[in-house]
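In order, the protein sequence lines correspond to chains A and B.
Using this note's numbering, the first residue of the first sequence is number 302, and each one after it goes up by one.
Using this note's numbering, the first residue of the second sequence is number 2, and each one after it goes up by one.
In case anyone wonders, no lab produced these hints; they're calculated from the structure.
The beta carbon of each residue, even a glycine, is placed where N, CA and C say it ideally should be.
Possibly wrong hints are sitting among the right ones.
A short, non-exhaustive set of chain B residues, derived as facing chain A with CB atoms under 8 Å [to be verified]: (1) Leu58; (2) Leu84; (3) Arg97.
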Amino acid sequence: MANLPHPPADFLGLRTALSDRLLPLLVGAMAFLAALGIAGAEASASLAAHWQQDAAAALTIQVPDPQAQDAGNDATRLAAVLGALKTVPAAMNVAQLSPAAVNQLLSPWLGTDPADLGLPLPAVITAHWAGAGGVGALRAALQKLSPGTLVDTGALWTGRVAALTTSLQACAAAVLIIVALIGAAVVSVATHAGLAQRRETIVIVHELGAFDGDIASLIARRILRLTVTGALTGTALALPVLAWLARLAAPFAAPSLSTALLGLPAPLWAALPALPVLAAFIGWGTAQLTVRGWLRTLP
Amino acid sequence: MVLFEDVWLTYRHAAHPGANTPEVLRGISFEIPEGGMRWLTGPSGAGKTSLLKLIYLSEHPARGHIEVLGTPVAKIARNQASLLRRRIGVVYQDFRLLPQLNAYDNIALPMRLAHRSETNIHADVLEIMKWVGLSHRSQALPFELSGGEQQRIAIARAVVSRPKLLIADEPTGNLDDDQAQRVMLLLTALNKLGTTVIVATHNTTLMQRHPAPALRIESGRLVQDG
Chain A
302 MANLPHPPAD
312 FLGLRTALSD
322 RLLPLLVGAM
332 AFLAALGIAG
342 AEASASLAAH
352 WQQDAAAALT
362 IQVPDPQAQD
372 AGNDATRLAA
382 VLGALKTVPA
392 AMNVAQLSPA
402 AVNQLLSPWL
412 GTDPADLGLP
422 LPAVITAHWA
432 GAGGVGALRA
442 ALQKLSPGTL
452 VDTGALWTGR
462 VAALTTSLQA
472 CAAAVLIIVA
482 LIGAAVVSVA
492 THAGLAQRRE
502 TIVIVHELGA
512 FDGDIASLIA
522 RRILRLTVTG
532 ALTGTALALP
542 VLAWLARLAA
552 PFAAPSLSTA
562 LLGLPAPLWA
572 ALPALPVLAA
582 FIGWGTAQLT
592 VRGWLRTLP
Chain B
2 MVLFEDVWLT
12 YRHAAHPGAN
22 TPEVLRGISF
32 EIPEGGMRWL
42 TGPSGAGKTS
52 LLKLIYLSEH
62 PARGHIEVLG
72 TPVAKIARNQ
82 ASLLRRRIGV
92 VYQDFRLLPQ
102 LNAYDNIALP
112 MRLAHRSETN
122 IHADVLEIMK
132 WVGLSHRSQA
142 LPFELSGGEQ
152 QRIAIARAVV
162 SRPKLLIADE
172 PTGNLDDDQA
182 QRVMLLLTAL
192 NKLGTTVIVA
202 THNTTLMQRH
212 PAPALRIESG
222 RLVQDG
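If we strip away everything but chain B, and leave its shape as in the complex, we get (with noise of 0.2 Å):
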């Protein structure tokens, strides 16, 4: 489902452009299989963030091989890798709705993107501003959303297309332990119904309650895979 074998990745130089930086990740290897969930940990600044854009195909590695849900990304043609993003969930760390968009717009984005008749739209929308309960919010600009609801937001347009793979970049920064602890109860659920899940946090206390294998880099390396 994915694939990691050695993967180095290095980011261009802003200042020196030609140059790259230091790697942030070396020679990476794992495997998380259909249907598995997986913590993602290690101390800030050691590669987790960089580690989930090369599953969701927002950066290239330097060297080693990517499969994402079955799909080798090395030189996969771009209509073929936006296909295949369609079909990954994504948490951002910092949310990233669209600003000039309301919460019901931004949770039906992924969905107008792959054409789907708005009638379809429409309901999954509803059904899943339900789930995360901001069915009352629909028509508020993410300017008007406390950061727990833009949280929440991101992740119900992460899922509302029923992804195969979802990926959450510290899905529960923002929210207090209740909120927390009912997004992991979301994902969770996701998870038992068949989408592999990653989730990258801090959170031990959240970690501790939900049980699961854990990937653990620091410095740029894979130091726990289990």
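Just chain A, with the same shape it has in the complex (with noise of 0.2 Å):
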């Protein structure tokens, strides 16, 4: 039975009802949208994880009246600190800053010089806080040593950067929801569109007994392909505009990130794959959805 004629693959006359190009182009559209919102999120992510590292491990400790003697009357309350520091294992490259860079810091506020002014200023110490836990602990040996000394981490910096982060992964889990509603949307249209211009060609199908899941397939089939193909289409576009942004973002971003692939990260690598999948379960979903809804109109 070599000789066996082919059944033909599209004997809904689908592939003119239901153009190559326009919802392809528009899923396509919806995709490059799509990778651009994730992106963005999986950036801002990135960014504030980054950030928030750096504010959290920074300490900032202020000595006041730094020359007076300390608790003990051991040492100058600046020296008790500085040594106090220098034997906790967390607490790594301590330093003090010098005069002219406290000056520096307090000139916006107090002029070029605010020594000139004769205010009693703190002395003030930066480090790294490398310990796993809070600053508790060494807040509490300090204040005891040296009354009146203030240990500052980037807490607040941290709180706000992580408030910034989640507002920005709203909005792009927004876009994104917004993206999948056109999406189906489009889809419906095209869909109904398809049905339309159809419609005489299903009625006789439907009344030569085919099943409305089998009509259905049919059509899902077919615009699951176009989905697929506009989705894949669009992503790709989509990777050299995000490898370009990537590049601009690049002194902001973890310096791990220079040597990754196009400098993208690797979970938006492992997202962008998904934008067919779900351009195509939408797709299929939607017309499924759709053409069964009208069938549901035949007798």
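Two chains, each in its own frame: build the complex with the hints.
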């Protein structure tokens, strides 16, 4: 039976009813926007993590009245605090800011040389905190040694950056949801247009005994092919744009990204292939629902 | 086999959604036994095609009871309705061939929709094309066929699945006398093999040549049964 004729793959005439141009173009645009949205969310999360790490690790210690005697009258308050910090392994890169550096920090508020004002300025020590826990114990120890000493971390900035990151990620999620909804609407409109164009053929096939599920599957398969084509193209076209944006953001990003493929983080590489899969799911599901709903208008 | 009890039919009004047209069929009752044959006759617009549509489940009655092949159709599930349609062959007045399919694929369509194997389909299609005298036109698209050839392809499509019930709406309307006679011989042969046949026609000569009980409809009412 080698000479059996092949059954027509497109007996509903869907190739002409569901154009292979407009729908892939629109879905491609949606995928492009979605790729930018995912990249935005990933970039904000990555940058925020990088900044939060830096901010949380920065330690600033102010020692008021630094030349006065410490609590045990053994040394100056400043020397006592510096000495104590050197015995804490988690406090790294301990360094006292020079008077010139302190003046520079205060100059926006107190003028070019705040020392001329005769104000009692504290000594400022910076360090990098590599401890796993908080700085509560260190703060208490320094307070005991030199009452009035302030230990400040970047916790306030960490919280603010976290809030900013959350809002940016929420915006990205909203963009993705809107893109998905618009994508579903586009597929639904295209499917309705195809059904209108092939109404007579579909009615005949229905009256010859085709199951609703069989008709819906035929149309959904065509839609699936078009949406996947569009989504793959849109995602592929987004890659050079994302690489360019990653290059622009490189100075603010984690150093590890400089060696990543196209400068894009690994989670983004994992998320981008999901876009065509998601588009396929939306296209197939929307087409199935649209066709089955339309067929229910037939007896 | 086919049972109508006090069946009424209205259509939805195209210009006024929600409203219905006046009754197209009014209080139709008849019964056609299994293996029977009926002519369906009446003037144009009397409701013949509408009655046939009710039988092949293309319309729902406004009220009344219908059974087709022993199945009440009022609350039939959609998949059950599809399975029932596969047991009914329909020859449409306007052929209704799929324009993008050649003659072979048009005839094979009902069997492919029923997921029959291509081997079985091939043998049956070749046999039926020979039967309707169009073996040499298997690759022709509908627009390449004459009206009479399209009619014969439509008939072949309707009978290729060996339906239990065959409905033909003016099946000889586009055929010359010889072809019409040939088609009627095909239909009566099917009827003798056990298929219930209903043929709507205006052709009284044909009815005289092939005597069978007739259902006559005038203005939506059944005025003759037998």
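Verification of the supplied hints:
Look at leucine 58 of chain B: its Cβ gets to within about 6 Å of chain A, closer than 8 Å, so that hint holds up. With a least beta-carbon distance of about 7 Å to chain A, the hint placing leucine 84 of chain B at the interface is held under the 8 Å criterion. About 5 Å separates the beta-carbon of arginine 97 of chain B from the nearest beta-carbon of chain A, less than 8 Å, and the hint is met.
Against the hints set out earlier in the document, no violation occurs for any number.
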